[in-house]
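Chains as they are written, first to last, in our numbering: chain A, 126 to 360; chain B, 11 to 265.
Please note that the accuracy of each hint is not assured.
Said to hold, decoys possible - With the Cβ distance kept under 8 Å, some of the chain B side facing chain A (calculated, not the full set):
#1 P159
#2 A163
#3 A180
#4 G225
#5 Q230
#6 F253
#7 A256
Calculated directly from the structure, the hints in this document are not laboratory data.
Every residue, glycine too, gets a C-beta built ideally from N, C-alpha and C.
Chain by chain, the residues:
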Amino acid sequence: MSSPLLSITKLWSSSIGKKIVVALTGIVLTLFLAGHLSGNLLMYVGEHAFNEYAYFLHHMLHGGGVWIARIVLLVCITLHIVATVQLTIQNRNSGTKYQVDGTQRSSLNSKLMIWSGLTIIAFIIYHILHFTARVGNEYNNPDLYKVIYDGKEYHNAYKMVIDGFSWFPATLFYVIAVTLLCSHLSHGVASIFQTLGLRSSKTDALINKGAKLYSIIIWVGFISIPISVMLKIIK
Amino acid sequence: MAKLNLTLKIWRQPSPDNDGWIETRKANGIPTEASFLEMLDIVNQEILEEGADPIHFDHDCREGICGMCSLTINGVPHSKEEGVTTCQVHMRKFNDGDTIWIEPFRANAFPVMKDLIVDRTSFDNIIAAGGYIDVRTGSAPDANSVPIPKDQADWAFDAATCIGCGACVASCKNSSAMLFVSAKASHLNTLPQGQPEKDKRVLAMVRQMDEEGFGNCTNQYECEAACPKLISADNISKLNRDFALASAKEAVATV
């Protein structure tokens, strides 16, 4: 009837098809957050554990692992953004405008999706420049950020995190972005189930509560680190 | 007999090509027994006596089953009362001195024809694309000649109660027609008679929906709250699932 490539084009150009792309990439990004958070929480275990974890990330599969992860995440985030921006533009031009607002059920989080999403991408760019590309800071300077454990040289990622969050504006932006991420997840995670056809009124309450719980865990987990740095709990 | 004195803020628009505006009009001495449409009938009678153009609005059965009446009342299609159409809203739900905003069902896919009347042909086009079954419609078959489990029959019946009024589109922040399309597809897709054309139907109806310029569902469930027949958004979940499977089959097999 049609070639698989044509079918993919058709899927992308349909409203539900594009939403399926958003949901599937959303799953990858959501699970990435859980992995990222569990790694970050090693900050509470101590310098040694965190730096060894950072070393592992950069050296697994002979240094290829981190690049596989980066490429997968870049593809997912690009598809996620392009699809949602296109869907949102269509939605904004679809013509529902009333003199009186009669909103009955839409949550604040659901109405903020595009704005929380765009803030998160701005944050991700900043975050990568800050800790991955290490632009405008000394984190690549081996004189300052080198530690030796058992005669082996490690990058002192632990010290980098503490220094990174010792500057108040960085912490503030981080907390704002992660708070909006929490808002984004609370609607987004529940929407994954609906878009993939896995939600019903039987599971609705469970899915909504699960999505909220997950977003709160992500929120508390992530913001606790810069706050602990500011409060000198981690030092 | 209690009477209400109301201020109406009504959308007036002489034709699809003209800009519309909100007209403010007093509606005095409205009996609480009147239905919302009867209230408009009373106001229209006064307008006619003044020699002006009455307010144009859609209506037919006036008992909540035909899907013809529309009106967005204070920002909510069919008013904020749960599970009723505009014609089933009664003036006893309002208080003396209230200001009531009356607007058409808004969506680009529902262009205003005149005042509060909108063109819902886009829904007909979606039905024509796949909301049917190709069978010979001879005499009625014997009851239970096709066995259907009770839960499937219930699901299909609940979906089939959709009267196609368009409140789901009008209430949606994105003017999405997903609740309507999902109810119509789900009704047939659940029953044995709808199985042979299930995939073809889902793909055709969703593509026609996109073609008509409806927006995209963002899972906010305003439609469910506005629906006069209380159609469940579970149908949307099912449509998403059926569409994903039908698309996959279309990609690698024949539908």
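Could you tell me which of the hints above the structure violates, numbers in ascending order? 1, 2 and 7
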